[in-house]
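Q: Kindly produce the complete structure, drawing on both the sequences and the hints.
In case you want the letters, here they are:
2 protein chains.
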Amino acid sequence: MTHTRDFDRETAVVRRAGEPAVYDTDLHGDWKVGKGINGGLLLSVAGRALAAELGAGEDGHADPFSISAYYLSTSAAGPATVTVDTLRRGRSVSTGAASLRQPGEDGTEVERLRVLATFGDLDDHLDDVRTSAKPPRMPPPEECVGAESAPPEFRADAPLLGRVDLRLDPATVGWAVGAPSGKGEIRGWFRLPEGREPDPLLLLMVVDILPPVSFDLGVYGWAPTLELTTHVRAKPAPGWLRVVHSTRNFAGGYLEEDAEIWDSTDRLVAQSRQLARVRMPQETAR
Amino acid sequence: MTHTRDFDRETAVVRRAGEPAVYDTDLHGDWKVGKGINGGLLLSVAGRALAAELGAGEDGHADPFSISAYYLSTSAAGPATVTVDTLRRGRSVSTGAASLRQPGEDGTEVERLRVLATFGDLDDHLDDVRTSAKPPRMPPPEECVGAESAPPEFRADAPLLGRVDLRLDPATVGWAVGAPSGKGEIRGWFRLPEGREPDPLLLLMVVDILPPVSFDLGVYGWAPTLELTTHVRAKPAPGWLRVVHSTRNFAGGYLEEDAEIWDSTDRLVAQSRQLARVRMPQETAR
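Protein chains in written order, with UniProt numbering: chain A, 1 to 286; chain B, 1 to 286.
I should point out that these hints are in silico values taken from the structure, not numbers from a laboratory. Glycine residues also receive a C-beta, built at the ideal position from the N, C-alpha and C atoms. Any given hint could turn out to be false.
[Said to hold, decoys possible] List of simulated lysine-lysine pairs, BS3-like, C-alpha gap at most 25 Å:
(1) A:K134 <-> A:K35
(2) B:K134 <-> A:K134
(3) A:K183 <-> B:K134
(4) B:K183 <-> A:K134
[To be verified] Chain B is nowhere near these chain A residues, computed Cβ spacing over 10 Å in every case:
(5) A17
(6) D26
(7) A76
(8) R91
(9) A171
A: This is the structure:
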């Protein structure tokens with residue numbers, strides 16, 4: 001069976017007839033990284049169900065302002081359900097909870113992800129922009145490093161690399177050849193290969209698309225996310241996105257990973273932070 | 001009636017007999033700021049109920065690793081209940097949800113706060129610390145500015161200033177005399193006046209104790225929190241804490257506010273980020 005790349009179809013949720021606030025989806029194996037489905041992709045799926053639920057009606061709120069995800073178990077390719085619980089409908093924002101579940105090995109449902117989120121209307125935002133953060137400086141996409149340059153064993157462990165057009169700044173890929181910078185920063189360009197332009201729900205996936213920033217500190221191995229919170233601050237303009245991952249506090253076997261997403265007009269459109277567990281060298285050696 | 005200052009008593013939760021996972025508490029008016037109870041204090045209360053629930057038993061997890069709070073309505077002094085829902089008990093961490101409710105004006109319960117959190121055991125953390133963030137440099141507490149220097153109308157609007165020993169770095173209090181630095185940073189020393197030493201549950205309050213960082217950008221008025229996520233990364237050592245609030249993205253009528261808490265051994269013990277709504281000058285003028 002051929003698979004036509006289509007982010008919207010792959011994150012689609014279908015409201016279950018007769019069961020309000022329950023949505024069915026089918027997680028595609030293309031979005032795997034390590035053992036499970038990419039955490040950002042799951043967040044986009046949950047976000048889509050929340051948008052359908054909180055965005056319904058004339059006074060609905062369809063844009064994520066803030067969304068916090070707690071990862072409970074490793075998700076697999078295949079069917080999943082998202083159940084949304086509306087906590088508050090307000091004038092300017094609404095808040096909901098969402099739970100993503102899959103049938104476990106014994107057939108009973110297992111929760112993969114629990115989410116809290118506040119949605120609103122990004123078009124309501126004031127024009128005032130006083131962002132003091134500066135957009136990253138890096139070479140143009142055609143001078144950056146695509147996934148085709150990654151080692152085959154790395155790509156085999158991360159099928160999602162074939163699903164996105166990600167070009168890393170050569171200054172932040174030393175880790176791939178055993179020479180991490182030690183600064184704790186990885187940055188790159190992002191777009192979907194099928195040409196679909198970015199929107200707030202895509203940003204929820206993009207905040208988690210770069211390799212773990214711990215690679216740039218010379219600590220390899222996937223870094224499973226405990227918690228990931230994203231603030232979407234504006235609708236992104238069409239074109240390439242720039243993504244910057246960084247960390248300031250790698251300690252005790254955990255690290256915080258901050259992501260910023262900048263759009264083609266130099267607007268900081270999303271900020272995220274996650275707490276991830278890192279396998280330390282002494283653990284790997286055991 | 002005299003009131004003896006006691007953070008532990010003021011954040012105490014009592015498990016309701018016969019109703020597992022329901023805790024009663026009484027929010028003290030001393031912790032008001034603007035119209036409601038301080039969001040950090042509420043987070044400490046919710047954290048205490050989560051610690052009681054997730055920390056129970058031999059394999060319990062009593063320390064917050066990550067806790068995300070979504071603020072739904074303005075809380076008031078008086079009775080409140082916290083209901084905890086355990087989502088997953090794991091070997092190294094456990095995850096739960098908590099809901100803080102109060103009787104509304106018509107007597108029916110109104111949800112103030114919904115929380116998701118992952119708890120573990122901070123003593124299990126590895127010794128490896130590679131934090132690249134640097135502790136803030138500021139004058140000693142006795143050369144910093146205490147709440148007694150705040151304008152009386154400001155103190156009247158923030159009773160909690162009488163409940164904490166907070167000393168702001170003179171370099172970041174220009175806003176109090178109409179000369180904000182424009183950098184978007186406020187920092188200071190913190191301790192409880194009753195001499196109680198810091199612990200992880202106190203940190204949940206301290207992340208939200210400084211004035212809104214928007215003051216340093218010359219935008220006054222309280223900045224209500226939509227969402228606040230805190231990562232507790234280590235148990236704080238006894239002594240003064242240093243707190244730094246900063247923002248990089250003040251735009252569209254919202255700002256992200258980052259807090260770092262450093263302990264007396266120069267360890268970065270907590271990081272938090274919140275999304276807050278700011279009243280812009282044009283709004284204030286309307």
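Q: All hints are to be evaluated individually against the structure, with a verdict given for each.
A: Results for each hint:
Simply put, A:K134 and A:K35 have alpha-carbon atoms about 35 Å apart, too far for the 25 Å limit, and the pair is violated. With a CA separation close to 20 Å, the supplied pair B:K134 and A:K134 stays within the 25 Å bound. Pair hint A:K183 plus B:K134 holds up; C-alpha atoms about 14 Å apart against a cutoff of 25 Å. The hinted pair formed by B:K183 and A:K134 meets the criterion: a straight-line CA distance of about 14 Å does not exceed 25 Å.
Residue-level check passed: A:A17 sits 28 Å from the nearest beta carbon of chain B, beyond 10 Å. For A:D26, the condition that its CB be more than 10 Å from all CB atoms of chain B holds, with the nearest at approximately 24 Å. No Cβ of chain B approaches the Cβ of A:A76 within 10 Å, the least distance being about 17 Å, so the stated non-interface status holds. A cut-off of 10 Å between C-beta atoms confirms that A:R91 is not in contact with chain B; the least separation is 12 Å.
The beta carbon of A:A171 is kept farther than 10 Å from every beta carbon of chain B, the shortest such distance being approximately 17 Å.
Comparing the model with each earlier hint shows a violation of hint 1 alone; every other hint is respected.
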